[in-house]
Each structure stands twice: as C-alpha cells, then as structure tokens.
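Engineer: Sequence:
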Amino acid sequence: VVCTRYVSSRTDEAASLFFSSGTSWREQKKATAPQHTSHHRNHNINNDNDSKHDYRGDKGDYQMERRDKGADIVLVASEPLTFERDNWVTVPTNSTLTIHKQTVMIHPILDDFYNPSPSYLRSS
Numbered sequence: 001v002v003c004t005r006y007v008s009s010r011t012d013e014a015a016s017l018f019f020s021s022g023t024s025w026r027e028q029k030k031a032t033a034p035q036h037t038s039h040h041r042n043h044n045i046n047n048d049n050d051s052k053h054d055y056r057g058d059k060g061d062y063q064m065e066r067r068d069k070g071a072d073i074v075l076v077a078s079e080p081l082t083f084e085r086d087n088w089v090t091v092p093t094n095s096t097l098t099i100h101k102q103t104v105m106i107h108p109i110l111d112d113f114y115n116p117s118p119s120y121l122r123s124s
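Those letters in the sequence shown? Residues 1 to 124, per the UniProt record's numbering, in order.
Think of the hints as simulated: they come from the structure by calculation, not from any bench.
Since we're looking at a predicted model, the values are computed, not measured.
We put the CB at the ideal spot given by N, CA and C, even for glycine.
Incorrect hints may appear among the rest.
Using C-beta positions, here's what the derived DEER-type ranges look like [claimed, not checked]: (1) V1 / E65: 19 to 27 Å; (2) P116 / Y62: 33 to 41 Å; (3) Y114 / V1: 17 to 25 Å; (4) C3 / L121: 17 to 25 Å; (5) R26 / V1: 21 to 29 Å; (6) R26 / R85: 16 to 24 Å.
Please take these sequences and the hints and turn them into a complete structure.
Structural biologist: So this is what it looks like as structure tokens:
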C-alpha cells in the first residue's frame, strides 16, 4: 500500500494524513455509572426525569491495542479515528507512506517543493 500527503506548494500545508498500528482494533468497554436509588425515584444525579441514565458513550468507540512490538493492523485516515492522539502518527507534508508486510515507512517526496528542514513551518 502506498499513500501520499502532498501539495504542490512551498508554503501551504497538505491535507492531513495519519496512521496507527497495533495488534488489534477493538471496541472500548465502557463502564456504566451506578443508578441513583434514593426515594426520589424520578430524579437522577443530573436532575433529569430518567432514573436509568446511562453514562456510556455511543457504540463505535474503538481503540488500537498493542500487545507486542509487531503490527498486525495498520490504519490510515485523514484524521485520527480516536481521541487517543498518542496512538496516531502524523504523516509529514509532501511524503509517501508505504505499508509492506505490516511494516510502515515514511519517505519525503524530493521535488521542487521539498524542504529538508524538520522545523520548517507551512501555513494551514
């Protein structure tokens, strides 16, 4: 698999690209808050009228698990798919992302818009 994050400009930032890798991509298990059980049955902690308020998030909250240093799964997305930002690596502007046998490599695109300085800032 080859992905690119590219813009034909020396000053503009390309559209974002991220990847995450790990051993499994699983739905998060969410704890349910205890139900309010006082004699005021029609009021819970948040004072709304539903006595069985569920504090869990929506279904579909996933996380990348890493059980070892290997990568059984590599996900590539335009934006991080989870709130665990430390699980996502930003692909630099004007770079290619190559995935071969679950090994991820990032290489710069060496053309007229290439800047070798890692501290070079582009406008977004």
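Engineer: Please go over all the hints and tell whether each is borne out by the structure.
Structural biologist: Hints and how they fare:
1. V1 / E65: 19 to 27 Å: holds (21 Å)
2. P116 / Y62: 33 to 41 Å: holds (37 Å)
3. Y114 / V1: 17 to 25 Å: 23 Å Cβ-Cβ, so the 17 to 25 Å window holds.
4. C3 / L121: 17 to 25 Å: holds (23 Å)
5. R26 / V1: 21 to 29 Å: holds (22 Å)
6. R26 / R85: 16 to 24 Å: holds (18 Å)
Of the numbered hints listed earlier, not one is contradicted by the structure.
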